[in-house]
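*Asks:* Okay, here's what each chain looks like letter by letter:
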Amino acid sequence: MADVAVRLVQLTKRFGGDTTGRRVAKYVDDANADQGFLAVDHIDLDVNEGEFFSLLGPSGCGKTTTLRMIGGFEQPTDGRIELQGEDVTYLPAYKRNVNTVFQNYALFPHLTIYENVAFGLRRRKVSDADVKKRVTEMLELVELPGYEARKPGQISGGQAQRVALARALVNKPAVLLLDEPLGALDLKLRKQMQIELKRIQQEVGITFIYVTHDQEEAMTMSDRIAVMNHGHYEQLGDPEVLYERPRTRFVAGFLGVSNLLPASADGRDDRYANFRLSDGTAVRVPIAVIQDRAGTLALGVRPEKIRLLEEKDESPAGYNRVAGRIVHASYLGVSTQYIVQLKDGHRVTVYEQNVTRATKAELWSSGEDVVLCWAPEHCFVVEDAGGMAAAEADRELAAVV
Amino acid sequence: MTAGATAQPAPGVATRPPSGLAHRIDRLLLPLYTLGVVSYLALPVLVMILFSFNDPTGRANLNFRHFSIDAWLDPFGRPGLEEAVFNSLWVAFGATVISTILGTLIALALVRYGFRGRGATNMLIFLPMSTPEVVLGASLLTMFVSTTNLPFIPQGVLFPLNIRTILIAHVMFCISYVVVTVKARLQNFPRHLEEAAMDLGANEWTTFWKVTFPLILPGVVAAALLAFSLSIDDYVITSLTSGQTDTFPIYIYGASLRGIPVQVNVIGTIIFASAVLLVVISTLWQRRQSFRDFSSTRQVE
Ligand SMILES: Nc1ncnc2c1ncn2[C@@H]1O[C@H](COP(=O)(O)OP(=O)(O)O)[C@@H](O)[C@H]1O
Ligand SMILES: [Mg+2]
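Same order as they appear, the protein sequences are chains A and B.
When we follow my numbering, the leftmost residue of the first sequence carries the number -4, and every step to the right adds one.
When we follow my numbering, the leftmost residue of the second sequence carries the number 4, and every step to the right adds one.
None of these hints come from the bench; they were simulated from the model.
Fair warning: this is a prediction, and the values are worked out from it, not measured in the lab.
Hints may be right or wrong, so weigh each one.
[To be verified] Pairs of lysine to aspartate or glutamate, EDC-like flavour, derived with a Cα cap of 16 Å:
{"hint": "1", "chain 1": "A", "residue 1": "146", "chain 2": "A", "residue 2": "110"}
{"hint": "2", "chain 1": "A", "residue 1": "90", "chain 2": "B", "residue 2": "136"}
{"hint": "3", "chain 1": "A", "residue 1": "338", "chain 2": "A", "residue 2": "306"}
{"hint": "4", "chain 1": "A", "residue 1": "300", "chain 2": "A", "residue 2": "235"}
{"hint": "5", "chain 1": "A", "residue 1": "90", "chain 2": "B", "residue 2": "77"}
{"hint": "6", "chain 1": "A", "residue 1": "300", "chain 2": "A", "residue 2": "287"}
[To be verified] Incomplete in silico selection of chain A near chain B, CB under 7 Å:
{"hint": "7", "residue": "89"}
{"hint": "8", "residue": "94"}
{"hint": "9", "residue": "97"}
{"hint": "10", "residue": "114"}
{"hint": "11", "residue": "341"}
[Said to hold, decoys possible] Partial list, computed: chain B residues near chain A (C-beta under 10 Å):
{"hint": "12", "residue": "23"}
{"hint": "13", "residue": "196"}
{"hint": "14", "residue": "200"}
{"hint": "15", "residue": "204"}
{"hint": "16", "residue": "205"}
{"hint": "17", "residue": "206"}
{"hint": "18", "residue": "207"}
{"hint": "19", "residue": "209"}
{"hint": "20", "residue": "213"}
{"hint": "21", "residue": "214"}
In this text, a Cβ means the ideal position worked out from N, Cα and C, and glycines have one as well.
Take the sequences, apply the hints, and build the full model.
*Replies:* This is the structure in structure tokens:
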């Protein structure tokens, strides 16, 4: 069991409302407007030593607030923050062994790059010789040697980003907090910095807690991700697990494209559970996939996992087969994206690599009847708390994408 | 499609080709206007400087007779003038230091903290700026006189009036201007810089001196210059709170009844030259330190 770098216990933040209600808040209904806005809602979380951990979620879900409480810029309404086993909940920011890379970099405009990076060391009365050595080392690590004498106004956004990183890392914090640090960079630089950040993290071996609303960014870099929504996380796990086995409709929709079909349980044998889709088709799902999911369930399958066949074609033994009709095809070069309508009206997205079919004559076109087939192991099952929640999640997703 | 698009004039570019006469008037108008404004502002000053080199017959320095540098060689050559000038400098200096320190602290409190009475303080700060000076002066006078009835303020502190009461009066009206100036600088202050400083291990005190203060310094300097210039040429409030003490403006007013001596022009010229010098220096300094402009800190959100 790895050591825990940061532990959050029932961490809660409520903005506005009755500020004296620290004790009261916990017992009051969330909908109670007098009690202000619940930005972070009783989060329990362990971040391991040396881990690249991401908080992923749509704008306004409480990522920044969580990070700011860990950094010491925001007082929790309730709960506890432990840093390497020590309770730091009420410690001021400057007494925590944690450093932050701010989204807007927050470089000191009146100091040179050298003095910016040296700022933390100077506060700890490190000798001039040591400061020089460590600042130089750090600027090399972020590939900015020779920029010491410049002012923050004289460097580009990408460089400012690296300085901000160097300024935080030079202090060798127990944990580095990063709040959408690549948000202001253009796409190309962003991709480059993602790889760079991961390299630096592995090189220095410091725990990173990374906040982002970009699922691709989180998946590229993270060891583990917590997918946040409405002030708490809905699922926590490795990127692959979150993608292949999302627990909730929200997680399934937030990480990549997913097809969710309402399904009702229809018995099970020792390895597979049987479900019936609303058009009556029977579908098999490995029992292991269902785990402890309970309540109303929906069946999911990722678009790239589905193969399209003709009615007469054989599918591999044991595969799920569902009939549908192509309603839309868009050719994307590397692949083709189809929208297929099932008999009950549900629409399913399918990505097909342009390998076996590549020319226009070979590709499927609108109006053709097809059979969708996929391996039972490629199914996932999400808890689907009724149409209301589903519709809401979809709307939120539409707002994000 | 592309041809049609390129044929469109770019927005903001005049479509009317410059016609001969209209174009020439356009080009003349701005320089003429500028010249007019500059002369309007500069002429009185030039007259003051010119007449500091006059050698008038009689008392009144109203007609230019002979060029002379007599007055420049003996700028304090009138009884009471030297004392008045140094009183003015002393008051201006004291009022600047005190009002800049207090005003900056008030501005910080008003911008940074929510406290009971903050709204009222914000309003009160504007009072000295919006109340007629005569009213302020008269009220101050009444207040100073009435302290004679208070057992805990000894005679001679606030009454009889003296240079101390001038100083108190000047601090009072200078503070408003300092608060307003520094507040403007603080209003768009990027707070995340202070959070960054704390994040890097600086406590509140260090954060203030290493980050906040250097960044608001241009505002504080501007406020101090403003306070100094307001104090040194104040007449109305000073005349009501000065008692027997003369300041430079009071001396001039007194002298004007008999005829203003050339030395007044000399000292006026020196004050003007120092002010210009200060403005030039502070402009150069600000330009060199243009990074202190918050626009150079990246603001993304
Ligand atoms: N200082 C504040 N006062 C009031 N509400 C706030 C404050 N900071 C954040 N919030 C609210 O808390 C919620 C979470 O904010 P934030 O943590 O910034 O979200 P995220 O970083 O995930 O976009 C948002 O709805 C936001 O409006
Ligand atoms: Mg945020």
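*Asks:* Now look at each hint and say whether the structure bears it out.
*Replies:* Hint check:
1. 146/A to 110/A: holds (9 Å)
2. 90/A to 136/B: Not OK: residue 90/A and residue 136/B at ~51 Å, beyond 16 Å, violated.
3. 338/A to 306/A: The hint holds at about 14 Å.
4. 300/A to 235/A: holds (14 Å)
5. 90/A to 77/B: Answer violated: residue 90/A to residue 77/B is near 63 Å, above 16 Å.
6. 300/A to 287/A: violated (24 Å)
7. 89: At 5 Å from the nearest chain B Cβ, residue 89/A passes the 7 Å test, so the hint holds.
8. 94: holds (6 Å)
9. 97: holds (6 Å)
10. 114: holds (5 Å)
11. 341: Cβ of residue 341/A sits 39 Å from chain B, so the hint is violated.
12. 23: Violated. Min distance 45 Å.
13. 196: Hint holds; residue 196/B Cβ to chain A Cβ min 5 Å, cut 10 Å.
14. 200: Holds: closest Cβ of chain A sits about 7 Å from residue 200/B, inside 10 Å.
15. 204: Constraint on residue 204/B satisfied, holds at 4 Å.
16. 205: The hint holds - residue 205/B has a Cβ within 10 Å of chain A, the shortest such distance being about 5 Å.
17. 206: Where the cut-off is 10 Å and the nearest Cβ of chain A is about 5 Å from residue 206/B, the hint holds.
18. 207: holds (8 Å)
19. 209: Holds. Min distance 7 Å.
20. 213: With Cβ-Cβ at 8 Å, under 10 Å, it holds.
21. 214: holds (6 Å)
The earlier numbered hints that this structure contradicts are 2, 5, 6, 11, 12.
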